[in-house]
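Please construct the entire structure, taking both the sequences and the accompanying hints into account.
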Amino acid sequence: MRIVFYCVNGSGVGHLTRLVALAKWMRRYLKLLGHPAELVFLTSSEETSLLFRENLPSFKLPSKTAIGSSDFDKLTYLALAKQWVWHSLTLLRPDLLVVDSFPRGAFGELTSALDLVKKKAFVYRHMKSELAARPDFQAMVALYDRIVLPEDAGRHAELLPPAAASRVSRVGPIVLRERAEVRSRADARRQLGVSAEGPVILLTAGGGGDPTAPARLGLLVDRLRRLGEVVVAAGPLYRGPRPDAAQGVVWLTEPTLSTLLPAFDVAVSAAGYNTFHELMLARVPSVFLPQEKVADAQDARARVAVEKGAAALMPALPDALLVEETARAVAHYLVPAHAAAAREAAASVATESAASAAALELLGLVLTSQERDLARSVDGPSLLPALLRRGLSFETYAEVMRAILGRDPDAAGARAAPIEVITSLLDALPQLSDPSWLPVLTLLGRRLPVHDPVDLASRIAALRTCMGLLVGFGDPAAATIYLRTWGPAKGAELALASGDLTTRLESLAARGKDLYDGLAELAGSLRAEAAAPRETEEAP
Numbered sequence: 000m001r002i003v004f005y006c007v008n009g010s011g012v013g014h015l016t017r018l019v020a021l022a023k024w025m026r027r028y029l030k031l032l033g034h035p036a037e038l039v040f041l042t043s044s045e046e047t048s049l050l051f052r053e054n055l056p057s058f059k060l061p062s063k064t065a066i067g068s069s070d071f072d073k074l075t076y077l078a079l080a081k082q083w084v085w086h087s088l089t090l091l092r093p094d095l096l097v098v099d100s101f102p103r104g105a106f107g108e109l110t111s112a113l114d115l116v117k118k119k120a121f122v123y124r125h126m127k128s129e130l131a132a133r134p135d136f137q138a139m140v141a142l143y144d145r146i147v148l149p150e151d152a153g154r155h156a157e158l159l160p161p162a163a164a165s166r167v168s169r170v171g172p173i174v175l176r177e178r179a180e181v182r183s184r185a186d187a188r189r190q191l192g193v194s195a196e197g198p199v200i201l202l203t204a205g206g207g208g209d210p211t212a213p214a215r216l217g218l219l220v221d222r223l224r225r226l227g228e229v230v231v232a233a234g235p236l237y238r239g240p241r242p243d244a245a246q247g248v249v250w251l252t253e254p255t256l257s258t259l260l261p262a263f264d265v266a267v268s269a270a271g272y273n274t275f276h277e278l279m280l281a282r283v284p285s286v287f288l289p290q291e292k293v294a295d296a297q298d299a300r301a302r303v304a305v306e307k308g309a310a311a312l313m314p315a316l317p318d319a320l321l322v323e324e325t326a327r328a329v330a331h332y333l334v335p336a337h338a339a340a341a342r343e344a345a346a347s348v349a350t351e352s353a354a355s356a357a358a359l360e361l362l363g364l365v366l367t368s369q370e371r372d373l374a375r376s377v378d379g380p381s382l383l384p385a386l387l388r389r390g391l392s393f394e395t396y397a398e399v400m401r402a403i404l405g406r407d408p409d410a411a412g413a414r415a416a417p418i419e420v421i422t423s424l425l426d427a428l429p430q431l432s433d434p435s436w437l438p439v440l441t442l443l444g445r446r447l448p449v450h451d452p453v454d455l456a457s458r459i460a461a462l463r464t465c466m467g468l469l470v471g472f473g474d475p476a477a478a479t480i481y482l483r484t485w486g487p488a489k490g491a492e493l494a495l496a497s498g499d500l501t502t503r504l505e506s507l508a509a510r511g512k513d514l515y516d517g518l519a520e521l522a523g524s525l526r527a528e529a530a531a532p533r534e535t536e537e538a539p
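So the sequence shown is residues 0 to 539, counted in numbering that gives the first Met the number 0.
Think of the hints as simulated: they come from the structure by calculation, not from any bench. Remember, predicted model here, so these are calculated numbers, not experimental data. Glycine is no exception: its CB is placed at the ideal position from the N, C-alpha and C atoms. Do not take every clue at face value.
Label-pair restraints from in silico Cβ distances [stated by the list, open to error]:
(1) Glu37 / Ala65: 26 to 32 Å
(2) Pro35 / Pro61: 30 to 36 Å
(3) Leu79 / Leu218: 34 to 40 Å
(4) Ser506 / Pro35: 36 to 42 Å
Structure representation (structure tokens):
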């Protein structure tokens with residue numbers, strides 16, 4: 000299966016961040032299903048390091064912003080970009096194409112390119128009505144097989160073609176990190192190198208590509224550092240001057256902001272989709288300075304938080320007055336009672352990331368019904384904290400689940416084991432945190448017989464016992480070879496097969512022999528069975 004994420008846009012990183020959040024969850028569920036897949040990005044974003052860190056390959060086109068500030072001919076770029084996207088899709092021939100915000104593509108090139116893909120999905124972030132209402136926009140939206148609305152119900156009235164109503168799924172806000180992945184306040188402050196107790200203010204310009212960012216950051220830094228320590232997160236696309244180092248100012252260059260938000264008492268920020276929802280999910284009282292964008296209605300988004308009491312919204316003002324009004328709003332939220340009220344209000348603006356739910360909606364286009372049922376039976380966001388506490392990844396869980404099911408999840412009756420059952424197996428076998436032992440567990444799961452419906456309790460008990468004995472030999476390579484050689488008798492039930500393997504392994508351990516000795520014994524048994532005369536029926 001090949002899934003292509005189309006992320007060709009101008010000066011921001013919101014489209015890219017949102018699609019990366021989806022890709023991560025889609026990859027997790029595909030690994031759970033044992034479904035080989037290629038996930039790849041077509042992008043013009045200048046922040047491709049995010050893709051590299053998340054192990055998501057990409058093919059890169061220069062952004063409109065980069066071309067606009069260069070000597071490269073704009074018409075040549077436009078022609079090249081259209082052909083580049085078209086030919087890339089021709090070569091990749093994706094099973095699923097995921098497009099964010101612009102159904103026609105950044106250059107209108109998807110109008111003729113959607114026929115090149117088997118299934119297509121559109122992530123329809125709320126945008127200005129004058130753009131969404133255009134006939135060409137509405138006509139293109141109707142061509143997608145699934146339309147995902149990453150907004151809470153009742154917040155915005157997205158314009159949709161009536162013919163597409165049955166293909167629309169509203170899932171809620173999609174952000175890059177789950178709450179379980181966010182650091183505690185103390186840990187976040189330690190990583191930033193700021194005071195453990197004093198007021199800390201976040202000043203950010205979103206992705207950093209907005210032309211107003213350099214001037215605003217410079218003015219606000221000088222004023223806000225009188226109120227507390229200031230962390231400036233200029234954004235990965237920021238190209239303006241960096242303010243001189245000053246006492247009480249930290250310049251954040253690492254792209255780890257979303258995991259560090261609990262460090263801040265208040266934020267001064269643009270109101271882009273990702274930053275807005277990340278701040279609300281982290282319960283950070285905020286002062287929003289909306290940026291003017293072609294499609295994104297940042298002021299409308301900020302007003303949602305203002306109406307709930309979680310934020311303040313700065314109107315368009317002359318620079319000097321804007322700075323003073325912003326400082327006054329920040330000082331308001333530094334009062335403990337005001338901050339507590341704002342944090343409580345933020346909880347009603349955003350509760351959890353819907354990236355997992357959105358990923359399942361998109362995968363529904365390309366999975367079998369049995370695969371969809373199995374994937375949906377796994378509560379990914381609830382599972383993630385249990386894994387993180389053990390230092391394990393979702394991929395580890397996927398390996399364990401495949402071992403428990405022991406076969407293709409397409410088979411009838413396949414279902415996920417409860418989280419507590421999986422974690423009990425992980426706790427019983429801490430060696431599974433070592434990647435070299437996970438393939439052994441998967442192979443063991445395939446070698447032990449399984450019948451429908453799956454008896455999860457018996458399967459897990461057998462896996463725990465047999466795997467514990469194999470781990471005791473301390474040699475995953477030898478364990479792999481041994482399992483490939485050993486096999487249950489034809490038609491054997493689980494209890495008989497696991498009993499046979501357990502007896503062999505316990506005998507080896509009791510005699511002080513290793514798995515290579517066991518391989519020699521297995522080979523001898525196989526030769527003896529092959530040489531033994533077969534019983535034949537007597538003639539009547």
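We went through each hint and held it up to the structure:
1. Glu37 / Ala65: 26 to 32 Å: Since the Cβ atoms of Glu37 and Ala65 sit about 27 Å apart, the hinted range of 26 to 32 Å holds.
2. Pro35 / Pro61: 30 to 36 Å: Holds, at about 32 Å.
3. Leu79 / Leu218: 34 to 40 Å: holds, 39 Å
4. Ser506 / Pro35: 36 to 42 Å: holds, 38 Å
The structure is consistent with each of the numbered hints, conforming to all of them.
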